[in-house]
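**Q** Turn these sequences into a full structure, and let the hints steer you where they fit.
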Amino acid sequence: MTDISSHAFDQAVLSCRQCPRLSGFLQTVKNQHPDYHARPVIAFGAAMPKLLIVGLAPGMHGANRTGRPFTGDFAGILLYQTLHRFGFATRNDSISADDGLRLMGCRITNAVKCLPPENKPIPQEIKQCNQYLSVEINQFMKGGGIAVLALGTVAHQAVLMSLQLKAKDYPFAHGAVHAVPSSSGNGLRLYDSYHCSRYNTQTKRLTAEMFAQVFVQIITDIKL
Numbered sequence: 001m002t003d004i005s006s007h008a009f010d011q012a013v014l015s016c017r018q019c020p021r022l023s024g025f026l027q028t029v030k031n032q033h034p035d036y037h038a039r040p041v042i043a044f045g046a047a048m049p050k051l052l053i054v055g056l057a058p059g060m061h062g063a064n065r066t067g068r069p070f071t072g073d074f075a076g077i078l079l080y081q082t083l084h085r086f087g088f089a090t091r092n093d094s095i096s097a098d099d100g101l102r103l104m105g106c107r108i109t110n111a112v113k114c115l116p117p118e119n120k121p122i123p124q125e126i127k128q129c130n131q132y133l134s135v136e137i138n139q140f141m142k143g144g145g146i147a148v149l150a151l152g153t154v155a156h157q158a159v160l161m162s163l164q165l166k167a168k169d170y171p172f173a174h175g176a177v178h179a180v181p182s183s184s185g186n187g188l189r190l191y192d193s194y195h196c197s198r199y200n201t202q203t204k205r206l207t208a209e210m211f212a213q214v215f216v217q218i219i220t221d222i223k224l
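In terms of UniProt numbering, the sequence shown opens at residue 1 and continues consecutively.
Do not rely on the hints blindly, as some may be mistaken.
Claimed, not checked - With a Cα cut of at most 35 Å, we get these calculated DSBU-like pairs of lysine-lysine:
id : residue 1 : residue 2
1  : Lys-142   : Lys-166
2  : Lys-168   : Lys-30
3  : Lys-142   : Lys-168
4  : Lys-204   : Lys-223
Unchecked claim - What follows is a set of in silico ranges between Cβ atoms, one per label pair, in the way DEER data are often shown:
id : residue 1 : residue 2 : range
5  : Gln-32    : Ser-96    : 33 to 43 Å
6  : Asn-31    : Gly-87    : 37 to 47 Å
7  : Ser-15    : Arg-205   : 35 to 45 Å
8  : Ala-8     : Gly-87    : 29 to 39 Å
9  : Asp-221   : Gln-32    : 40 to 50 Å
Don't read these hints as lab results, they were simulated from the structure. Glycine residues also receive a C-beta, built at the ideal position from the N, C-alpha and C atoms.
**A** Printed below as a string of structure tokens:
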């Protein structure tokens with residue numbers, strides 16, 4: 001799959017049914033909400049970005065509904081406000097897949113492409129879906145990308161898995177920056193942040209300023 005075209009790759013993701021629990025759950029959701037996307041969600045953003053953001057999985061009434069990562073639900077509010085603030089997005093909110101929003105120098109994907117029950121993918125599903133994340137990160141590095149931002153522990157570990165690195169050697173911590181081996185020779189860096197979920201933002205585990213500081217570090221390092 002490493003030499004697949006961008007269009008063919010997206011179609012492979014959209015048609016994936018390799019995890020029975022997830023595909024069955026998506027069908028149930030589709031039956032309940034016929035107008036929802038309710039399929040695997042493909043990445044969104046610039047074709048050759050400097051920054052790749054990796055989330056956990058589509059949200060029930062967000063990406064699973066709209067078909068675009070972090071679009072149409074609470075989790076996307078802080079993310080797109082911050083992307084706009086730092087010049088990565090043309091607007092500060094993401095409402096629908098046809099709202100005209102564009103990302104510049106940035107791309108967003110998820111560790112798991114399908115909506116999981118209770119927002120909790122099981123380890124086998126994360127491992128199965130890692131074949132797609134591996135392709136995305138490999139293409140990202142080939143295109144000159146140098147910064148990967150993992151939103152939460154699951155995304156952090158999925159990125160390491162895709163690079164065939166051990167999680168114990170790169171522990172997750174909000175604000176942490178890890179220099180990781182890169183086949184591109186560009187000096188890939190993995191940045192960690194708490195996930196911008198409703199729970200984390202409402203409990204102040206993640207504040208807007210905490211999130212902004214991660215982006216300050218990223219744009220400083222990639223010299224934007």
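**Q** Does each hint hold? Answer for all of them.
**A** Cross-check of the supplied hints:
1. Lys-142 <-> Lys-166: At roughly 22 Å apart (the allowed maximum being 35 Å), Lys-166 and Lys-142 satisfy the hint.
2. Lys-168 <-> Lys-30: Given pair Lys-168, Lys-30 is violated - Cα atoms ~39 Å apart, limit 35 Å.
3. Lys-142 <-> Lys-168: 26 Å, holds
4. Lys-204 <-> Lys-223: 29 Å, holds
5. Gln-32 <-> Ser-96: 33 to 43 Å: For Ser-96 against Gln-32, whose Cβ atoms are near 20 Å apart, the range 33 to 43 Å is violated.
6. Asn-31 <-> Gly-87: 37 to 47 Å: Taking Cβ atoms as reference, Asn-31 and Gly-87 lie about 42 Å apart, which means the hint holds.
7. Ser-15 <-> Arg-205: 35 to 45 Å: 37 Å, holds
8. Ala-8 <-> Gly-87: 29 to 39 Å: 31 Å, holds
9. Asp-221 <-> Gln-32: 40 to 50 Å: Given about 44 Å between the Cβ atoms, the range holds.
Violated hints, listed in ascending order, are 2, 5; each of the other numbered hints is respected by the structure.
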